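Trainee: The residues making up each chain are set out below.
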Amino acid sequence: MAAPRVSWLMVDYLLRRLGIGLVTLFGVAVIVFFMMRVLPGDAAVMLSGAGAGAVSEKELDEVRSKLGLDRSLPVQFAAWAGQVVRFDLGESLRTGKPVMEDIARRFPYTLQVVAMAMFVAIVVGVPFGVLSATFSGSWGDQLLRALSIVGLAAPSFWVGLLLILGLVYLFQWSAPLVWEPFWVSPWKSVTQLIWPALAVGLRQMALIARMTRSVMLEVLGEDYIRTARAKGLSEWSVVMHHGLRNGMLPVVTLIGFEVSALFGGLIVTETVFSVPGLGQYVVAAILNRDYPAAQGIVLILAGIVVLGNLLVDLLYGVIDPRTRVQAGAR
Amino acid sequence: MTVAQVHGKVSLPHTAGTRTLGQMLREQPLGALGALVLVTMTLLAIGAPFFAPFDPTQGDATALSSPPDAKYLLGTDAFGRDNLSRLIFGSRISLLVGVGASLLGVVVGAAFGIVATYRGGWLDVLTQRLMDALLAFPMLLLALTMAAVLGPSLPNVIVALAIPIVPRAARIARSSVLVLKASTFVEAARATGCSDLRIMLRHILPNTFSPLLVIATAYLGLAIVQEAALDYLGAGIQEPDSSWGLMMSGSATTLALTAPWNVFFPGLAICLVVLSTNLLGDAIRDLLDPKLLGK
Chain B
72 MAAPRVSWLM VDYLLRRLGI GLVTLFGVAV IVFFMMRVLP GDAAVMLSGA
122 GAGAVSEKEL DEVRSKLGLD RSLPVQFAAW AGQVVRFDLG ESLRTGKPVM
172 EDIARRFPYT LQVVAMAMFV AIVVGVPFGV LSATFSGSWG DQLLRALSIV
222 GLAAPSFWVG LLLILGLVYL FQWSAPLVWE PFWVSPWKSV TQLIWPALAV
272 GLRQMALIAR MTRSVMLEVL GEDYIRTARA KGLSEWSVVM HHGLRNGMLP
322 VVTLIGFEVS ALFGGLIVTE TVFSVPGLGQ YVVAAILNRD YPAAQGIVLI
372 LAGIVVLGNL LVDLLYGVID PRTRVQAGAR
Chain F
55 MTVAQVHGKV SLPHTAGTRT LGQMLREQPL GALGALVLVT MTLLAIGAPF
105 FAPFDPTQGD ATALSSPPDA KYLLGTDAFG RDNLSRLIFG SRISLLVGVG
155 ASLLGVVVGA AFGIVATYRG GWLDVLTQRL MDALLAFPML LLALTMAAVL
205 GPSLPNVIVA LAIPIVPRAA RIARSSVLVL KASTFVEAAR ATGCSDLRIM
255 LRHILPNTFS PLLVIATAYL GLAIVQEAAL DYLGAGIQEP DSSWGLMMSG
305 SATTLALTAP WNVFFPGLAI CLVVLSTNLL GDAIRDLLDP KLLGK
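Read top to bottom, the protein sequences are chains B and F.
Mind the numbering: the first sequence is residues 72 to 401 in this note's numbering, read in order.
Mind the numbering: the second sequence is residues 55 to 349 in this note's numbering, read in order.
With the rest of the complex left out, here is chain B (with noise of 0.2 Å):
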């Protein structure tokens, strides 16, 4: 096979990918914003800062002409994605700042939890999968796999409420007053963050060790690691190189599938340790019926999930090799 044609077809399956990923982001954004013109609560009586009543129908007629809800839907969704397009999302309805700038000052702080955490689950997770694969019906590998059951029913807003219980018993903790972004103090800002990643990992953690055991296990049965046993290759060498290499796709799928996840669960966790993050952010504008940051922030989570999704399509093609071809043929 020639490698020029190869990377055609790649180039293909790339602009297929981005292409679908485009429409998707579009979908997304109609549902986002019908979702909030449908929200109980009308957002000119919550911008003048009164229960309704107390302003007169004149005054809330003006808001709702300056926010532009006077419109028809049709034009008020073109106005908002002309916006959207060029970074603008509008004000918040409760801070006053422009969502964009709230967005970008508290989004460093979710980036890190959600790197800490599938660093953590990684770590954990891959090699204990490992482990268990390559001394399967152990007690080890039958303590393990218990412990992942658990860790996958355990919710991880409630794994968060006990963590901050053992804290605070321990070491009278109190939520920090002041969260210290990464690159002022990085290793308190590690530190002040690792509980919250913590509780939102262990679920990827259990589900990481679970998958990597039963792909190895899989794996480990095939033709050719017994070719590699019998040509004398370490246990090591069998298990890590010719075994290892070949079941990460799965669980670079299966990591790619769970950032989604991962935000979702973010949504609580943050609350519950009221990290300063994009899901404390959208939980008040949401449950604040602040429509501008609400619609802002949920587009750009969804964003970040079809970007991520994206992300995994492309690395398939870096890590199995098949799929370059495969991709184009389909």
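No lab work stands behind these hints, which were simulated from the structure alone.
Note that the structure is predicted; figures quoted are calculated from it, not measured.
Note that beta-carbon positions come from the ideal geometry of N, C-alpha and C, so glycine has one too.
Wrong hints could be hidden among the right ones.
Coverage of chain B stretches by chain F, computed from C-beta distances (three or more under 8 Å per stretch; other residues unrestricted) [said to hold, decoys possible]:
no.: 1; segment: 145-153
no.: 2; segment: 230-237
no.: 3; segment: 261-268
no.: 4; segment: 360-373
Some residues of chain F that are not near chain B, with every Cβ distance over 12 Å (derived) [to be verified]:
no.: 5; residue: Gly76
no.: 6; residue: Glu81
no.: 7; residue: Ala99
no.: 8; residue: Ser229
no.: 9; residue: Glu241
no.: 10; residue: Ala242
no.: 11; residue: Leu251
no.: 12; residue: Leu333
Since chain B is already given, all that's left is putting chain F on it; use the hints.
Mentor: Quick look at chain F alone, frame taken from chain B:
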């Protein structure tokens, strides 16, 4: 079992074999245990007024935030309400929402998946794009937004939690239908003059049943967890109703110092239910998987 593992699984027509119930129980002791726990919980939930030692809404002013003791086995909350009674009454909401949301989500999703995939064409493309867009929302985020849109009430919480399940069920149904659509028995049915509706209902639907049953159990547990999360955030069931999520809400650091048992027991109950549904789901999957039949 995990949701991710179920995804992408393609089903072919198969049966659970000709095993008796006794054989199945012996094969899947953990699944039987899970089923036993769920049945017990359901009985407790149905007979809540009978089993609960106290009224879950009446506080005892002389025992505010009292630790577990002989009278209040799991302690009381800040209003002096008995935790055990609230836990038993709360199981009604958890089970109702869990079963309701997963059933509704899977049925609607399956309907979308089967009809769109079988019909094909622009309907299929449009449905797929819509489902893709819905899949982009983290489950809890979509449920939280929908709960805020619909307003807090039990039926609304069920609908809000069912919506994120729809695209996931549709995707599972789709992968089955794609295989079934090309199978010879569907072709034979078409050749004998069966209507599309009849083919979908009599030939395709029964064969998508087992993967859908497996994800229904998986999402049953997930819906219970997310219901608790919605209540905890204040977007779900409201006071004075008893729900497991509501029992845990409040400042965690304050609760840790005053009444940690309020946080501990409801979470434990959630773990137990979800663990049971997962074990049951695993057992169902193994029983229905033809690859494992001979083992």
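Trainee: Evaluate each hint against the coordinates.
Mentor: Verification of the supplied hints:
Interface restraint, the segment 145-153 of chain B with chain F: violated (0 residues with C-beta to C-beta distance below 8 Å; minimum three). For the segment 230-237 of chain B, the proposed coverage by chain F is satisfied: 5 residues have a C-beta within less than 8 Å of a C-beta in that chain, meeting the threshold of three. Under a criterion of three residues with beta carbons nearer than 8 Å to beta carbons of chain F, the stated coverage of the segment 261-268 of chain B fails, only 0 such residues being counted. Closer than 8 Å: that is the beta-carbon criterion, and the segment 360-373 of chain B has 5 residues meeting it against chain F, so the requirement of 3 holds.
Residue-level check passed: F:Gly76 sits 25 Å from the nearest beta carbon of chain B, beyond 12 Å. Distance check for F:Glu81 against chain B: the nearest CB is about 17 Å away, which clears 12 Å, and the non-interface claim stands. For F:Ala99, the shortest C-beta to C-beta distance to chain B comes to about 19 Å, beyond the 12 Å cut-off, and the non-interface label holds. At the 12 Å boundary, the C-beta of F:Ser229 stays outside the reach of chain B, the nearest C-beta of that chain being 15 Å off.
Non-interface status of F:Glu241 relative to chain B is upheld: no Cβ of that chain comes within 12 Å, the nearest being about 24 Å off. Remark: the non-interface label on F:Ala242 is consistent with the geometry, its nearest Cβ contact in chain B lying 29 Å away (cut-off 12 Å). The beta carbon of F:Leu251 sits about 29 Å from the closest Cβ of chain B, which is more than 12 Å, so the claim that it is off the interface holds. At the 12 Å boundary, the C-beta of F:Leu333 falls inside the reach of chain B, the nearest C-beta of that chain being 7 Å off.
Of the numbered hints stated above, those contradicted by the structure are hints 1, 3, 12, listed in ascending order.
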